[in-house]
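2 protein chains.
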Amino acid sequence: MDVMATKVDNGVNVEALLGARQALTEAPEAARFKWRATCNWVNGTHSRSTVHSFFGLGAEQSHKTEFGYDADHPEVFASEDKGATPVEFVLVGLASCLTAGIATVAQNRGIQLRSVKATVEAGMDLQGILGIDSDVRNGFDGIKVVFDIDADASKDDIAALVAQSQRRSAVFDIVTNPTNVSVEVR
Amino acid sequence: MDVMATKVDNGVNVEALLGARQALTEAPEAARFKWRATCNWVNGTHSRSTVHSFFGLGAEQSHKTEFGYDADHPEVFASEDKGATPVEFVLVGLASCLTAGIATVAQNRGIQLRSVKATVEAGMDLQGILGIDSDVRNGFDGIKVVFDIDADASKDDIAALVAQSQRRSAVFDIVTNPTNVSVEVR
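Protein sequence lines, in the order shown, are assigned to chains Y and Z. So the number in this note's numbering is just where the residue sits in the first sequence, counting from 1, plus 97. So the number in this note's numbering is just where the residue sits in the second sequence, counting from 1, plus 97.
Keep in mind that the hints are not guaranteed to be accurate.
Each pair may be met inside one copy or between any two copies, as identical chains are not told apart.
List time: in silico EDC-like cross-link candidates among lysine to aspartate or glutamate, alpha-carbon distance up to 20 Å [to be verified]:
#, residue 1, residue 2
1, Lys161, Glu172
2, Lys104, Asp249
3, Lys161, Glu177
4, Lys214, Asp247
5, Lys214, Glu163
These aren't lab readings, by the way, just hints derived from the structure by calculation.
With the hints as extra help, turn the sequences into a complete structure.
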């Protein structure tokens, strides 16, 4: 870490992360994580999901608390709007992943952040999910993320920060590349 | 709708949805939606996202309330665990999308649901995001969804319900197929 970095505090423990990278390089099995969510149907399109346990570092782990999320469809779809829509949860995941990455890379590069704001918008043609036109996909036709960043760095350094966060982002990869999903009924 | 369906109540207004499908077939421009999220960095890997407005039916729309979501990394990554991880938000989106679809398709097919539970697990090798091995992807290496469904229907009819929900699910499509994401710094 360079001298500048020691003066910078974005709240990210880079030494711990570099230590973890070293440890996982030596014990790659520990790097195999499993992330989980459980979703219970409530009524109509309303469900409640919980997130608590995960697996990693070779053992069962858990969050400090169980996190709960109501999802629903809005009133324009004749639903009760008890929570964000499922597709909006994906946008939250994408924005928060890129933002956490920016803070981490900034810390590693000795760049002090003052504020980071991501504005995300994704187009979706409902002719897909409503089965009107089978040539229209169900999902997003594209996602646009715009960052407003105030930091002690040049425009170029900030752009490089965002680019590196993209290259290391789990959710950016999940959204831009296909992932196999198996669905089973017990 | 058949006679059986009129006795079934999963809390989904299928008439309204079929009406919307008819209306959007006649006015496909109204089917073009835009979903949004805004994410503000808090500290370290902790961010807070909000979901409120969206565009659809040719006009600006909004949820009844603004929904807020804290995202963070867990303590095993030297973070403060103030919320679910970004990748877990994607799992919540996937599980809730398939679950809402099951309720909707069940209503349309006259199947009374009593309970629906989705258990989702996704593998992820951290050698990707930590930059240890460039052959390892950043995102999930696969996702497994298991449904436990109690409903007035045969095993085959329940399996068909889940299959149809998959075929019409926006998030299932987003996760299993690539979507273009543009990232811009303002």
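Structure-based check of all given hints:
1. Lys161 to Glu172: between (34 Å within a copy, 8 Å between copies)
2. Lys104 to Asp249: Only inside one copy: Lys104 and Asp249 sit 12 Å apart there, 64 Å across copies, limit 20 Å.
3. Lys161 to Glu177: Between copies only: 9 Å across chains, 31 Å inside a chain, cut-off 20 Å.
4. Lys214 to Asp247: within (9 Å within a copy, 43 Å between copies)
5. Lys214 to Glu163: This pair counts as between: shortest inter-copy Cα distance 17 Å, intra-copy 26 Å.
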